[in-house]
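Which chain is which? The protein sequence lines are A and B, in order. Residue numbers for the first sequence follow the working numbering, so the first one is 1 and each next one is one higher. Residue numbers for the second sequence follow the working numbering, so the first one is 233 and each next one is one higher.
Just so you know, the hints here were simulated from the structure itself, not pulled from any lab data. Idealized CB from N, CA, C, for every residue including glycine. Mixed in with the good hints, there may be bad ones.
[To be verified] To give an idea of the chain B side of the interface with chain A (calculated C-beta under 8 Å), a few residues:
{"#": "1", "residue": "M233"}
{"#": "2", "residue": "I237"}
{"#": "3", "residue": "N241"}
{"#": "4", "residue": "R244"}
{"#": "5", "residue": "R248"}
{"#": "6", "residue": "K592"}
{"#": "7", "residue": "E593"}
{"#": "8", "residue": "M598"}
{"#": "9", "residue": "A599"}
{"#": "10", "residue": "G601"}
{"#": "11", "residue": "N603"}
{"#": "12", "residue": "P696"}
{"#": "13", "residue": "S697"}
{"#": "14", "residue": "I700"}
[Said to hold, decoys possible] Pairs of lysine to any residue residues, derived as SDA-like cross-links and limited to a Cα-Cα distance of at most 25 Å, are as follows:
{"#": "15", "chain 1": "A", "residue 1": "K162", "chain 2": "A", "residue 2": "N195"}
{"#": "16", "chain 1": "A", "residue 1": "K119", "chain 2": "B", "residue 2": "I237"}
{"#": "17", "chain 1": "A", "residue 1": "K164", "chain 2": "A", "residue 2": "T216"}
{"#": "18", "chain 1": "A", "residue 1": "K22", "chain 2": "B", "residue 2": "E703"}
{"#": "19", "chain 1": "A", "residue 1": "K118", "chain 2": "B", "residue 2": "I237"}
{"#": "20", "chain 1": "B", "residue 1": "K530", "chain 2": "B", "residue 2": "L485"}
{"#": "21", "chain 1": "A", "residue 1": "K144", "chain 2": "B", "residue 2": "K240"}
{"#": "22", "chain 1": "A", "residue 1": "K118", "chain 2": "B", "residue 2": "K240"}
{"#": "23", "chain 1": "B", "residue 1": "K240", "chain 2": "A", "residue 2": "E123"}
{"#": "24", "chain 1": "A", "residue 1": "K22", "chain 2": "B", "residue 2": "S697"}
{"#": "25", "chain 1": "A", "residue 1": "K119", "chain 2": "B", "residue 2": "M233"}
{"#": "26", "chain 1": "A", "residue 1": "K22", "chain 2": "B", "residue 2": "E698"}
{"#": "27", "chain 1": "B", "residue 1": "K592", "chain 2": "A", "residue 2": "T102"}
{"#": "28", "chain 1": "A", "residue 1": "K162", "chain 2": "B", "residue 2": "R606"}
{"#": "29", "chain 1": "A", "residue 1": "K116", "chain 2": "B", "residue 2": "A238"}
{"#": "30", "chain 1": "B", "residue 1": "K690", "chain 2": "A", "residue 2": "V214"}
{"#": "31", "chain 1": "A", "residue 1": "K79", "chain 2": "B", "residue 2": "E532"}
{"#": "32", "chain 1": "B", "residue 1": "K240", "chain 2": "A", "residue 2": "A94"}
{"#": "33", "chain 1": "B", "residue 1": "K690", "chain 2": "A", "residue 2": "S78"}
{"#": "34", "chain 1": "B", "residue 1": "K240", "chain 2": "A", "residue 2": "D204"}
{"#": "35", "chain 1": "A", "residue 1": "K115", "chain 2": "B", "residue 2": "N236"}
{"#": "36", "chain 1": "B", "residue 1": "K592", "chain 2": "A", "residue 2": "Y14"}
{"#": "37", "chain 1": "A", "residue 1": "K119", "chain 2": "B", "residue 2": "K240"}
{"#": "38", "chain 1": "B", "residue 1": "K592", "chain 2": "A", "residue 2": "M111"}
{"#": "39", "chain 1": "B", "residue 1": "K592", "chain 2": "A", "residue 2": "I98"}
{"#": "40", "chain 1": "B", "residue 1": "K240", "chain 2": "A", "residue 2": "E122"}
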Amino acid sequence: MDKVIEIKELYKVYTETAIPVKAINGINLEFKSGEFTAIVGPSGCGKTTLLNLIGGLDKPSEGIILIDGVDITDFSMSKLTDLRLWNIGFVFQAYNLIPVLTAKENVEFIMQLQKKPKKEREERALELLNAVGLADRIDVRPGKLSGGQQQRVAVARALASKPKFILADEPTANLDSKSTATLLQIMQELNEKENITFIFSTHDKRVVDKAKRVITLDDGVVVSDELGELKV
Amino acid sequence: MILNIAWKNIWRSKLRSSVVIFAIAIGLLAGVFSSALMIGMLMQRVDTAISNEVSSLQLHNADFMENNEVTKTISNSNALISEISKDPDVRAVSKRITVESMVNSGHGPLGVMIKGVVPENEKRVSKIYKYIADSSGSFFNSKGRNPIVIGSKLAEKLKVHLRSKIQIDIVTKQGLPTSAIFRVAGIFKTDNSMFDEMTAFVKFDDLQELIEFDEDESHEIAILTKNIMLTDSLQQRIMNKYTNYIINDGAILRTENLSLKPYILSFLKSIKSSKSYNYKSFVGLLDKNIKEDDEDSKQEILKSCETGLNAMSWKKLTPDLELTTQYMDLMLFIYVGIILLALGFGIVNTMLMVVLERTKELGMLMAIGMNRSRVYSMVMLETVLLSLVGGIVGLLLSYIAVTYFGNKGINLGDFGEGLNSIGYSSLVFPALDFASYVKVVIMVIFTGIFAALYPAWKAISLNPSEAIRTE
Numbered sequence: 001m002d003k004v005i006e007i008k009e010l011y012k013v014y015t016e017t018a019i020p021v022k023a024i025n026g027i028n029l030e031f032k033s034g035e036f037t038a039i040v041g042p043s044g045c046g047k048t049t050l051l052n053l054i055g056g057l058d059k060p061s062e063g064i065i066l067i068d069g070v071d072i073t074d075f076s077m078s079k080l081t082d083l084r085l086w087n088i089g090f091v092f093q094a095y096n097l098i099p100v101l102t103a104k105e106n107v108e109f110i111m112q113l114q115k116k117p118k119k120e121r122e123e124r125a126l127e128l129l130n131a132v133g134l135a136d137r138i139d140v141r142p143g144k145l146s147g148g149q150q151q152r153v154a155v156a157r158a159l160a161s162k163p164k165f166i167l168a169d170e171p172t173a174n175l176d177s178k179s180t181a182t183l184l185q186i187m188q189e190l191n192e193k194e195n196i197t198f199i200f201s202t203h204d205k206r207v208v209d210k211a212k213r214v215i216t217l218d219d220g221v222v223v224s225d226e227l228g229e230l231k232v
Numbered sequence: 233m234i235l236n237i238a239w240k241n242i243w244r245s246k247l248r249s250s251v252v253i254f255a256i257a258i259g260l261l262a263g264v265f266s267s268a269l270m271i272g273m274l275m276q277r278v279d280t281a282i283s284n285e286v287s288s289l290q291l292h293n294a295d296f297m298e299n300n301e302v303t304k305t306i307s308n309s310n311a312l313i314s315e316i317s318k319d320p321d322v323r324a325v326s327k328r329i330t331v332e333s334m335v336n337s338g339h340g341p342l343g344v345m346i347k348g349v350v351p352e353n354e355k356r357v358s359k360i361y362k363y364i365a366d367s368s369g370s371f372f373n374s375k376g377r378n379p380i381v382i383g384s385k386l387a388e389k390l391k392v393h394l395r396s397k398i399q400i401d402i403v404t405k406q407g408l409p410t411s412a413i414f415r416v417a418g419i420f421k422t423d424n425s426m427f428d429e430m431t432a433f434v435k436f437d438d439l440q441e442l443i444e445f446d447e448d449e450s451h452e453i454a455i456l457t458k459n460i461m462l463t464d465s466l467q468q469r470i471m472n473k474y475t476n477y478i479i480n481d482g483a484i485l486r487t488e489n490l491s492l493k494p495y496i497l498s499f500l501k502s503i504k505s506s507k508s509y510n511y512k513s514f515v516g517l518l519d520k521n522i523k524e525d526d527e528d529s530k531q532e533i534l535k536s537c538e539t540g541l542n543a544m545s546w547k548k549l550t551p552d553l554e555l556t557t558q559y560m561d562l563m564l565f566i567y568v569g570i571i572l573l574a575l576g577f578g579i580v581n582t583m584l585m586v587v588l589e590r591t592k593e594l595g596m597l598m599a600i601g602m603n604r605s606r607v608y609s610m611v612m613l614e615t616v617l618l619s620l621v622g623g624i625v626g627l628l629l630s631y632i633a634v635t636y637f638g639n640k641g642i643n644l645g646d647f648g649e650g651l652n653s654i655g656y657s658s659l660v661f662p663a664l665d666f667a668s669y670v671k672v673v674i675m676v677i678f679t680g681i682f683a684a685l686y687p688a689w690k691a692i693s694l695n696p697s698e699a700i701r702t703e
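Isolated chain A, as found in the complex (with noise of 0.2 Å):
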């Protein structure tokens, strides 16, 4: 499988405190297309600034992150944000969905921003909201959706701009398990049909148990990278 994102010695320092914090702390990993990984470990470990230093949103203190072999470590925030754009997905813990728009608008925003015709975008949203089960809430504003459904909504905007990978953080922390488990069969659906990488932080044992990859991390070091049983 090609490799999509690639991280040399990686490291990131907050110096805004007393005592700079290390948050990663040399990482080196490679993940290749068509993963579905689980980045676990305890709170304040560095998942949450790995995710983001990998999604271009925060900027190494040292190292190199390749993107298909594209350096991005010295991008401009302007490239970052196109980067983004046509290459990343992103769904977050907090569902962070416009509420003024519908649940097709919110899906058809991010294809809006890559200027994409109105009918393509259109039938993008539909197939995309149809693939995560909300064919018929499709006019609906994200205040009258539950939960699991906000997510499964900010899962089908990821998937929108056909990234190369999609970035989840902790993306089941504020669901029930009923609707856990369907996101994540959503999820796994379109890993296994569609090849779609999905890369997640979490602390959620269901999640990591459906992972096919774990890495774990403590005081910003990988201390474990393992290939874990797909349990469909």
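Fit chain B to the known structure of chain A by using the hints.
Chain B only, in chain A's frame:
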């Protein structure tokens, strides 16, 4: 897309947006209505000045203007009137004899400007006859010898009533003092108490006889144009035809007293001759040889070299009004500008709250690929739209108020007397033209843009990774 989101964002907090919209609307209503009130007042004053006092345009002997000398007359008045009446822009023309006189009723003499008018022609040029109440006589409708129509203030000062006798002392064309008894035939009361105190009308023929003028002589030809906007072009046409400019010894002597720049004086001396220029060619000559910075000098030279007829528009005859009408736009700009400035700070505050409340969402938008210029535009558009909604509501309210009171009028009651003493009516009809409403809309848009600058900058200064984590 951004426009759509910006518009929907406004209505996320209906109460907050409504408060801002209401504040803008009420602020604009106050600003626009007070401007309309002032402008209406000024327009009425201009209208009154034209229709009662000075008319659109006045023609005089060019030398008369220097010190209102009785002998400086227009010698061919009737021919001139019939010629000017043919101009398509002219509504009416009337000749007048104007003399300064002393009037006496046994209660002390008062200096008054006596105007000898042809009643039927004067009624077409001036509305003064409409200001005579039924119980106060008429504008020369009654028969009888030497009728005079005076202002109410003058009547009060002279302690005279309808049909009272008053004596007028004037100087004849030959420079001899003469006097005559006139009987009050009408008393007018305008909104300008100074005019009412200083002006009296008598019949042209009566004054002509008294002052010993030839049949065709007059001091003044008053012209009313069909539209106030036509005044300047008519003035140009008349001056081209009837005004001549000669740079002779007399003119040079007069210009030497004007403290002109040396290069202008040498230029004038260099072209000294008995050649007569018309208005257009003389202005062209001055424009060519006198720098633009010396516009005031050009006007003074024009005045000094003028011969034949002088045509003066209401603007020159009432320079105070010309000045105030020039500032009407500025007044609107200042009134509405001050209000919008204050409102602008309120809008900045609201939008800063909006950015603060939506930090997480803005972070998310930037994270998923919305670039800074789009985020900036979104906040900017939201602010401008919010301001514009308030602006449109405010202008609609203003339009309704201005139209309603523009028809009905506002009686300023106790202030009325004070206003009358400076020539303004106490019943004010607010007025505002369409262009002014458009100007206010543009001002509102600019207020929105300026008010959005800081909040939009705050929005794009957010770090997406930190903003997303905001609770």
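Quick rundown of the hints versus the structure:
no., hint, in the structure
1, M233, "4 Å, holds"
2, I237, "7 Å, holds"
3, N241, "6 Å, holds"
4, R244, "6 Å, holds"
5, R248, "15 Å, violated"
6, K592, "7 Å, holds"
7, E593, "7 Å, holds"
8, M598, "7 Å, holds"
9, A599, "6 Å, holds"
10, G601, "3 Å, holds"
11, N603, "5 Å, holds"
12, P696, "5 Å, holds"
13, S697, "4 Å, holds"
14, I700, "6 Å, holds"
15, A/K162 <-> A/N195, "11 Å, holds"
16, A/K119 <-> B/I237, "20 Å, holds"
17, A/K164 <-> A/T216, "23 Å, holds"
18, A/K22 <-> B/E703, "24 Å, holds"
19, A/K118 <-> B/I237, "16 Å, holds"
20, B/K530 <-> B/L485, "16 Å, holds"
21, A/K144 <-> B/K240, "17 Å, holds"
22, A/K118 <-> B/K240, "20 Å, holds"
23, B/K240 <-> A/E123, "24 Å, holds"
24, A/K22 <-> B/S697, "17 Å, holds"
25, A/K119 <-> B/M233, "15 Å, holds"
26, A/K22 <-> B/E698, "17 Å, holds"
27, B/K592 <-> A/T102, "19 Å, holds"
28, A/K162 <-> B/R606, "21 Å, holds"
29, A/K116 <-> B/A238, "20 Å, holds"
30, B/K690 <-> A/V214, "39 Å, violated"
31, A/K79 <-> B/E532, "67 Å, violated"
32, B/K240 <-> A/A94, "22 Å, holds"
33, B/K690 <-> A/S78, "17 Å, holds"
34, B/K240 <-> A/D204, "36 Å, violated"
35, A/K115 <-> B/N236, "15 Å, holds"
36, B/K592 <-> A/Y14, "21 Å, holds"
37, A/K119 <-> B/K240, "23 Å, holds"
38, B/K592 <-> A/M111, "21 Å, holds"
39, B/K592 <-> A/I98, "11 Å, holds"
40, B/K240 <-> A/E122, "20 Å, holds"
Checked against the numbered hints given earlier, this structure breaks hints 5, 30, 31, 34; the rest are met.
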